[in-house]
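Each chain, letter by letter, is given below.
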Amino acid sequence: MPNDKIGSSSQPTSDKLSNTHIPMWLLAELTYACPVQCPYCSNPMDISASRKNELTTDEWIRVMRQARKLGAVQLGFSGGEPLIRPDLEQLIAEASSLGYYSNLITSAIGLNKEKITAFKAAGLGHIQISFQGSNRESNKLFGGTDSFEQKMMMTKEVINQELALGLNFVLHRDNLHQVKEFLVMAESLGAEFVELANCQYYGWAMHNREHLLPSRQQLQDAEDVTNEFREQYSGAMNIFFVAPDYYDDRPKKCSNGWGTTFITVTPEGDVLPCQSAKVIPDLEFPNIRDHDLASIWKDSALFNSFRGTDWMLEPCVSCPEKELEYGGCRCQAFLLTGDARNADPVCSLSPYHDKVTRVTDVAQQPLDSEDKQPLLFRNMANAKKLRAQKTEAS
Amino acid sequence: MSDFDFDSSAFILNPRYQYQWEEAQQCNVLLYPEGLIKLSGSAAEIIQRCQEKITFSQLIDKLKLAFPEADGIAEDVKEFLQDAQRQDWIVESAD
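Read top to bottom, the protein sequences are chains A and B.
Read in numbering that gives the first Met the number 0, the first sequence has 79 at position 80, and its numbers run on one by one without any break.
Read in numbering that gives the first Met the number 0, the second sequence has 3 at position 4, and its numbers run on one by one without any break.
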């Protein structure tokens, strides 16, 4: 046998995708079309109703081949709602033959027993189904579709067919109190993984932030409930609780470090270091129709713009932790300070930290609905309205 | 974690995990929902032999055949398998 001791091999060197400069993850946003209207969607706000410029099947296959060559191993089919693409089964089969582990990230609207069977046969590894609420009414209220029964049925069907299943529940001010109900439901269905992800403030969620950001107490209560549940049902279900970074003292690394791990390809073929990168102005977004993925990953101005630490400003430059968080999220830095090179203002050392604390201070108060702009749901009509307002303003 | 005794039961790589060589990383890996485990050379030698139903003694025989110069590997292999079982990488083979 090779020389390394077997005993030490039982602790593999890494259980996370953190190998620098290999794009381990390809997120394929197949379409922005979606039957769900989540007001916390991270998609850009200027989504277009037209699908005529979406990448073709052959173009997606080319993207998958090129990313695999660079070392990508995890593939997420996402959107919008990826089930809307009629070629999904074909793309899954291609991904499988290339050696990807493929994950389908879906609302389950449009899913059925036959499709699950076909996707499994094509080599799909894992399905993640999102819920917008823990019961029929709240799921309808936050998702804008009456889809709770469908999601329940499909969850059961995925488990029946023995595919790995994760449930995703996006948390915010109006549903954090439902965590227990959701966990009980997930446990009774037999889910292996549950992600309780507080929404992060980009895209539509940024627009609706005032409505969505919970109070500290709400978060604490939800975490307590989650921990109690974990103790009660130890081992049966893996639960991940993702807190909103607005309540942290240190920012989270941008996509595990800008240009280190992730590649996102948008429905029309733009290649991004993270899903939200388009909010940063003055960046050029290379398109897969014009460039090879390897040259985009290695040489493009976009992927090199925030790689490493050379781009940093103070206080990051002289910060001893700069290689831990890499200054946090570039999109958040831009959205809250107007300059993407600044420290993510979630960091308590940022001179703009008050941009976060002012918002979190307000979130400790009870909702006063009269002062608020209405919650804006993510749909094509609202996207169009916003585009018109933007044009008018400029 | 799957509950079985690999002294008496045959086992197999958990179908949730995908085992393969990764050229870009120059190592064997196990892929699972949204994650990856890098395997050392010796871990890979064991895991690759668990892609089909196997018993502990069959595994030791196969490893001895492949690596005749290595002695006394049974204890190390067992230790690895116990850990692999805890992590759910291997499961009891149903048939």
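Mixed in with the good hints, there may be bad ones.
Lysine-lysine pairs mimicking DSS-like chemistry, simulated, CA-CA at most 27 Å apart [said to hold, decoys possible]: (1) A:Lys321 - A:Lys297; (2) A:Lys179 - A:Lys114; (3) A:Lys251 - A:Lys354; (4) A:Lys112 - A:Lys139; (5) B:Lys61 - B:Lys77; (6) A:Lys252 - A:Lys297; (7) B:Lys37 - A:Lys252; (8) A:Lys68 - A:Lys252; (9) B:Lys63 - B:Lys77; (10) B:Lys37 - A:Lys119; (11) B:Lys61 - A:Lys68; (12) B:Lys37 - A:Lys251; (13) A:Lys68 - A:Lys297; (14) A:Lys119 - A:Lys179; (15) A:Lys297 - B:Lys37; (16) A:Lys119 - B:Lys61.
FYI, nobody ran anything at the bench for these hints, they're computed from the structure.
None of these values were measured; they are calculated from a predicted model.
Status of the hints after comparison with the structure:
With a C-alpha separation of about 22 Å, the suggested pairing of Lys321 (chain A) with Lys297 (chain A) holds against the 27 Å cut-off. A threshold of 27 Å between alpha carbons decides the hint, and for Lys179 (chain A) with Lys114 (chain A) the separation of about 31 Å lies outside it, so the pair is violated. Among the hinted pairs, Lys251 (chain A) with Lys354 (chain A) is consistent with the structure: their alpha-carbon atoms are about 17 Å apart, no more than 27 Å. Annotation: proposed proximity of Lys112 (chain A) to Lys139 (chain A) holds, straight-line Cα distance about 23 Å (limit 27 Å).
Note on Lys61 (chain B) and Lys77 (chain B): the hinted pairing holds, with a Cα-Cα distance of about 14 Å set against a maximum of 27 Å. Straight-line distance between C-alpha atoms of Lys252 (chain A) and Lys297 (chain A) comes to about 20 Å, which keeps the hinted pair within the 27 Å bound. Proximity of Lys37 (chain B) to Lys252 (chain A) is assessed by CA-CA distance (about 22 Å); at most 27 Å being required, the pair is judged to hold. Taken as a hint, the Lys68 (chain A) and Lys252 (chain A) pair is honoured in the structure, with Cα atoms around 26 Å apart against an allowance of 27 Å.
Restraint check: the Cα-Cα separation between Lys63 (chain B) and Lys77 (chain B) comes to about 14 Å, which is no more than 27 Å; the hinted pair holds. For the hint linking Lys37 (chain B) to Lys119 (chain A), the alpha-carbon distance of about 25 Å falls within 27 Å, and the restraint holds. With a C-alpha separation of about 33 Å, the suggested pair Lys61 (chain B) and Lys68 (chain A) falls outside the 27 Å cut-off, and the hint is violated. As the CA atoms of Lys37 (chain B) and Lys251 (chain A) are separated by approximately 24 Å, the hinted pair is consistent with the 27 Å bound.
Taking the CA atoms of Lys68 (chain A) and Lys297 (chain A), the gap is near 13 Å; set against the 27 Å cutoff, the hint holds. Restraint check for Lys119 (chain A) and Lys179 (chain A): the C-alpha separation of about 31 Å exceeds 27 Å, so the hint is violated. Between Lys297 (chain A) and Lys37 (chain B) the CA atoms are separated by roughly 24 Å; this keeps the pair inside 27 Å, and the hint holds. A threshold of 27 Å between alpha carbons decides the hint, and for Lys119 (chain A) with Lys61 (chain B) the separation of about 32 Å lies outside it, so the pair is violated.
Figure legend: structure checked against the earlier numbered hints; hints not met, in rising order: 2, 11, 14, 16.
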